[in-house]
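The listed protein sequences correspond, in order, to chains X, A, Z and Y. Under the working numbering, the first residue of the first sequence carries the number 1, and numbering increases by one thereafter. Under the working numbering, the first residue of the second sequence carries the number 1, and numbering increases by one thereafter. Under the working numbering, the first residue of the third sequence carries the number 1, and numbering increases by one thereafter. Under the working numbering, the first residue of the fourth sequence carries the number 1, and numbering increases by one thereafter.
In short, the hints are calculated from the structure, not lab data.
The calculated DSS-like cross-link candidates involving lysine-lysine, where the alpha carbons are at most 27 angstroms apart (straight line), are:
id	chain 1	residue 1	chain 2	residue 2
1	A	K331	Y	K57
2	Y	K123	Z	K148
3	Z	K335	X	K335
4	A	K335	Y	K57
5	X	K123	A	K123
6	X	K63	Y	K63
7	A	K57	Y	K335
8	Z	K335	X	K331
9	A	K331	Y	K63
10	Y	K217	Y	K236
11	A	K236	A	K217
12	X	K236	X	K148
13	X	K63	Y	K57
14	A	K57	Y	K63
15	X	K63	Z	K331
16	A	K63	Y	K57
17	A	K335	Y	K331
18	Z	K331	Y	K63
19	Z	K331	Z	K369
20	A	K370	A	K331
Cβ pair distances, simulated, as ranges:
id	chain 1	residue 1	chain 2	residue 2	range
21	A	G54	Y	A67	23 to 29 angstroms
22	Y	P363	Z	N172	43 to 49 angstroms
23	Z	A152	A	G54	54 to 60 angstroms
24	X	K63	A	V452	36 to 42 angstroms
25	A	L400	X	P396	58 to 64 angstroms
26	A	R405	Y	D430	51 to 57 angstroms
27	Z	K63	X	P396	30 to 36 angstroms
28	Z	L400	X	P424	52 to 58 angstroms
For the chain Y half of the interface with chain A, some residues (derived, Cβ under 7 angstroms), not all of them:
id	residue
29	I296
30	L334
31	L339
32	R341
Backbone N, C-alpha and C fix where the C-beta goes; we use that ideal spot for every residue, glycine too.
Number of protein chains: 4
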Amino acid sequence: MHEECGVFGAYGLASAAERAALALYALQHRGQEGCGIATYDEASASIHMVKNLGQVKEVFGPKDFLALPGDKAVGHVRYSTTGGNLPRNTQPMLAGTREGTLALVHNGNLSNAAALRRELEAKGLIFQTDSDTEVIAYLLAGELIRTKDIVAALQAAMTRMEGSYSLVMLLNGTMLAVRDPFGMRPLCMGEVEGSPVFASESCAIGAVRGRFVRDLKPGEIVRVEGKNVDSFFGGKPSAGALCIFEHIYFARPDSVIDGQSVYEARLRAGRILAESHPVKADLVIGVPDSGLIAAIGYAEGSGIPHGEGFVINRYIGRTFIEPTQEMRASKVRLKLSPLRRAVEGKRVVMVDDSLVRGTTMGPTVALLKKAGAAEVHVRICAPPFLYPCYFGTDVPSRELLASVRWSHEELTHRIGADSLGFLPLNRVHDLAPNSGLGFCDGCFSGKYPYEVAE
Amino acid sequence: MHEECGVFGAYGLASAAERAALALYALQHRGQEGCGIATYDEASASIHMVKNLGQVKEVFGPKDFLALPGDKAVGHVRYSTTGGNLPRNTQPMLAGTREGTLALVHNGNLSNAAALRRELEAKGLIFQTDSDTEVIAYLLAGELIRTKDIVAALQAAMTRMEGSYSLVMLLNGTMLAVRDPFGMRPLCMGEVEGSPVFASESCAIGAVRGRFVRDLKPGEIVRVEGKNVDSFFGGKPSAGALCIFEHIYFARPDSVIDGQSVYEARLRAGRILAESHPVKADLVIGVPDSGLIAAIGYAEGSGIPHGEGFVINRYIGRTFIEPTQEMRASKVRLKLSPLRRAVEGKRVVMVDDSLVRGTTMGPTVALLKKAGAAEVHVRICAPPFLYPCYFGTDVPSRELLASVRWSHEELTHRIGADSLGFLPLNRVHDLAPNSGLGFCDGCFSGKYPYEVAE
Amino acid sequence: MHEECGVFGAYGLASAAERAALALYALQHRGQEGCGIATYDEASASIHMVKNLGQVKEVFGPKDFLALPGDKAVGHVRYSTTGGNLPRNTQPMLAGTREGTLALVHNGNLSNAAALRRELEAKGLIFQTDSDTEVIAYLLAGELIRTKDIVAALQAAMTRMEGSYSLVMLLNGTMLAVRDPFGMRPLCMGEVEGSPVFASESCAIGAVRGRFVRDLKPGEIVRVEGKNVDSFFGGKPSAGALCIFEHIYFARPDSVIDGQSVYEARLRAGRILAESHPVKADLVIGVPDSGLIAAIGYAEGSGIPHGEGFVINRYIGRTFIEPTQEMRASKVRLKLSPLRRAVEGKRVVMVDDSLVRGTTMGPTVALLKKAGAAEVHVRICAPPFLYPCYFGTDVPSRELLASVRWSHEELTHRIGADSLGFLPLNRVHDLAPNSGLGFCDGCFSGKYPYEVAE
Amino acid sequence: MHEECGVFGAYGLASAAERAALALYALQHRGQEGCGIATYDEASASIHMVKNLGQVKEVFGPKDFLALPGDKAVGHVRYSTTGGNLPRNTQPMLAGTREGTLALVHNGNLSNAAALRRELEAKGLIFQTDSDTEVIAYLLAGELIRTKDIVAALQAAMTRMEGSYSLVMLLNGTMLAVRDPFGMRPLCMGEVEGSPVFASESCAIGAVRGRFVRDLKPGEIVRVEGKNVDSFFGGKPSAGALCIFEHIYFARPDSVIDGQSVYEARLRAGRILAESHPVKADLVIGVPDSGLIAAIGYAEGSGIPHGEGFVINRYIGRTFIEPTQEMRASKVRLKLSPLRRAVEGKRVVMVDDSLVRGTTMGPTVALLKKAGAAEVHVRICAPPFLYPCYFGTDVPSRELLASVRWSHEELTHRIGADSLGFLPLNRVHDLAPNSGLGFCDGCFSGKYPYEVAE
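Chain X extracted, bound-state conformation:
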């Protein structure tokens, strides 16, 4: 389960490209398949860009920062769905428009992208990538013909765009940050040495020694031009529909989204599970890394002692070689190793973030059993996945979803657990009660914030 992308922007900041790289390190959990930075440099009044497939540590070297002058930068980390892992789909995207070159980064997914694309192609426009972002760039460029005002152009484009989008962009030394009218993906604003910065998550602001200022509101457009920071709105107002999976899995636990700590949301998930799915047990453990905090919550809620159950091997690369079937089977074992002395003879509650296809849960439970666990009770910080996501969460097609394929009993049996408990659907919104905004839980409930055509 992955999401697509993290974004960052810095305006008027010395060493802007290097700061962007630091911020992208902190956002790397949102996408590891590609990354890029574009800067605008007043002296040459031009955009510079370095982007490629790979992680920040692989893409950026000292020479690259020399090639990225200027005090304004946008940056991007990318997760791509299968098949689209191509250099031309990495971001930032550059778009030469009549008003100048636009450098654009985007996190999210338009549910009407295909329709918009067909419509734009019918006007003679050409598409050089497979991404939604190019659709957004075209809508903007088209509106910029009608109005030279980028904010007006954005507002017009937003009436056409359906779905999730957190954008940061540079145009001729003006920076714009935009969050879609439902606020489906996070986007916040901070301040570093007096300069505004924007990031998908607040943890990236900390990484550049910045101070968190506030989240963008659903539908908000922030324009930074010289010393002026102005706020506008676009699209239809909504009660908000943040992807709840940001709290459960995507976001880093030290981030705060819409006033709600991700750390606390995960503790709460554990406590709700302890309440809704209690069990007699000797030990609560989390599956590293995303189940660890919820496990503490479960321990608190249940009074069962909390401990470490696994050693995780940090050295397994994406380039791990799997020459034979025999070797392939070893990958789970290599990545995750049970602590026999911790679990032997014990009734263990094992907390994990989600259960999607059910392919790795079985081997994980088996590791504990083989290490001597007397019982293994699986608790999942999310309800069962039953429906597609149109907004950027990479949910597999329905026929691959464990909770679609099997009954609760079958699934419990398949994964070899002694019991299996999901977060109740009606408690999902309790994970983050302090945000003052609503959530999208469409992948669990089948109810989306608007009627999705297609």
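Following the hints, position chains A, Z and Y against chain X.
For chains A, Z and Y alone, coordinates are given in the frame of chain X:
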């Protein structure tokens, strides 16, 4: 002095991508900074592409050919002018149009590219590269809205395009090859195992074991669709204006362009120089590699014996490290080493292809003198460079041209030669008398085939 | 703080090189600077080797396994001290002897290496590496002249070697595993599909789906030849002196060394600290990853709740670019991010494995304080470092050790902690009471298992 | 046909490592499979080394020169025979001896290496490489025990070494250059800015802006220590036996060996062929690059005009991908392209350096015939290969040699030539009449300068 690019296309040929790679090896002299191949595969009805900065041997490995299925391919080698050496400018260019994805390769330069680009941007179109090729793609995509017929669309677009262009493209399993109405850049057609192929130079057809069929005529559009190969024309008819520098320097001597052997053109350059700039001497040598054949022509024309004068070091890479000024000065010496025993005590005629800035000619003459040459008479297979080129030849700006900066005597003195002779301007067209077409010699004469707006 | 190396051997196992790679993944925490595998292949009766600087995931690709045929393999991961990070110091080491080519891997350090080296050089021997391993190879090769029996040769060589060594080697299809007479470094034996394997830690045996059989005894030599597995002894018998730092830091918590679980040793360290350095506090956290288990022990011992205090960023590479001082300071912040909501307003006990120079402890405490921790009480799972190690633990020179430079009060103040507690020296051996063997705690106590000349 | 290696040394020269790299560029034709440089730096009194598989342009980057301080350097380019292309066989070789670390580079081959190796192994010495050089290092280290005088040690070692060796080495700031008693491989001395340099060929001295001083005499040892350059001799005096293939193929034509220009030797080869194997023809061409000068000699000797017959493609890499049989066949065609207009309808004399297995000569002749040559007369600058070489020339085993397998008529027929002429064996020594030394032509005559035990 470099030109921009070489192109190739193969239609209905097994292992099309591998053949394209072989052809690009043979065209590599036309551009070493980037290359790429796109294939169209009927099974998936989709385009696949691999391209990157670097030479063919660096960009393509065995895995890449697996990623390039299909029996139709276009390929490109790229030379880029300073500053534009960026991944996003490599080709093929993909353009998603209403009629399908276009894969396009281009050799040449539009003299009205900037004006067209401004016009297209004013319609809300966005530009993601710096290249003329994107302008061509937009013109085509625009025309494809008005007519679904790609040939009609090309003919319409050609009325807008001014300058040089040899194009090969794939659209939904149809291949098109186009040569601009002046035939400024070469483009020919061959046949491999019954399948049509297209290439910038005939040497590439030989490299894939093909048979040369014919050159495309100025303004010709060849369309290949299934078993049908049809010819059309676009743009205003002309008497032809092939860049004469193709014969002097760009093309490989085993190529034949418009019925005229490049090898013979170079021999002829040497003979004309022997006639127009005779001198008493003991030995004629060529500067490797492009002066070698003309030296033979000079020897034949003058009766002076011909020999080898230099050893060329093939192992110096682009990545040659030049940490200090002292080291930098060594690069000419490393690349070119005089054969002392061949030149010692002799009056030497040294034939080279052209003299642009005059920066390497001096050190080269000095090598011969230091090796004991009694006299060094420099003969140049081209007239003095005096004017800009708008059609893809990378002529430096006027103030850097040796023949603009210095008088003939000053220049002779600066390079340390005992005499210096250029090919007479009025003999330029005699280099290739058998083509039946005219030539462009604008960089020497200031006279271009049409009035270039700028 | 690092140790030098991990070793592995597999005898008579299909895909021996691939198994070795899996095992090296599991041992990678013992050394990330270089790795290698050598195999012996009966068909050609020869040794094959691939080794290089880098981690397993960087050094080994599919082609390498084709180049490593045979069912017998030895493997090595290397940590190198400053200055010695050179390709020629990677292992396995090959040594052509009169009896055949020896492939040797080694974990440990000879305290009399320099003296032995001088002695061997005086006999006309040449050294091609900087490592102790070459000394061992020479001693062995020399003894093999006197006796063709490799076990007798090993026993003779062991009388000369002082210090720590766990060895695995191949000679003409015979495998030998050796642990030094004090058992200073771990070495154990397992069984995979009926074939014997050897590894520095038991976690590597699990990684190849093996079954742990037993630890080698101090001074033990195990010889595997065809179906025979025989045990011999060399050197003077001892009560054992395993490096206690294996339990505190080096070994993986899922390993069991000499019958003592590393996981339990760390829990015990936490409990002893709770007992010896109690404090009133609201939360116990561990510094990831090596302080996490001890933190649970402290929580159990003290009754103070346990939680997560930090998010660790797994994406920071060794190649992290630090162009400016400003950026450098960010590295701790990038790697470790405090969970403000967990620590805000709380009195926090922070447990870490050791305190060596004291350079990162200060910034780590500062992160918690800046995140709002009311108090930070640092607890260290080891006594103060005061003395050098001669046996392979990379203890810095005395003048760099925090506990040498500063008094307890000064140090507490420098790191900004509200209190600081070390594991009491007299409790060190209580960490692992079940091993039935003694420990070396020379770096804390200055008392070594034998009198070290030098 | 390849030889093993080129060597270089510089003593007391600023930027010694960079100079060595420049010299290795000029020696790269002697070996492209690996290279390395070691420097000695007085300040640290230690040796630094960078070496790896690959060409100079691949192995050395700016960082490497920073890692190679000091004003004394030795360098090496390596050609390796099949199977030995391993990192551990690259040079310089470092050998820690009682007198200090020796850095050694070697061109040549000991005919008694295997016997010496067995003898040394029987003394308990270990071999870490497959190369003769390690045998030399051991002999030297052994002698250095008996005498601390490196020259005396060398003289003693030379009485044991049979075969070819040109050595340069550094020991504690003393440089030694040694040429074997037969002078089988070239080695010369030059001077750069007052500092002595040594190189396999004089062309490398020119590459570092040096002045050629003299060749080392057979058996000569030159020692450089501070300002003193002293000459000694070792081994039995001989009349000299330089490998004649140095003149025919290995050496660069701008080099002068033992007073004899390689360029002139090749001209002479062509003239002798014109005399011994005359033919009626219209054109003489050389196979690039090593046949080009001999072709001029043949033209001079015969009066037949000389011309260019082929275009050579410089862009084909070692990494050329040959996925199918069809592609493989294209490699000759890709590398060498005939100039149809030059050869069409003509009787062509094609001069090449040697004919070993006869596998590429056939396709090359076929290219000319297919391009329209009326007749192709092949002339070879060497006699037929009939015997093994024990001194470093990589002659295949007898059963693979074309002149062993087939009669002259069969061979002529197989390669498709109209006639075939080899350099007469009795004229071989006439190639280089001015050296004042004898030659080894054992691979042609079966007569070696001494009786080779095997």
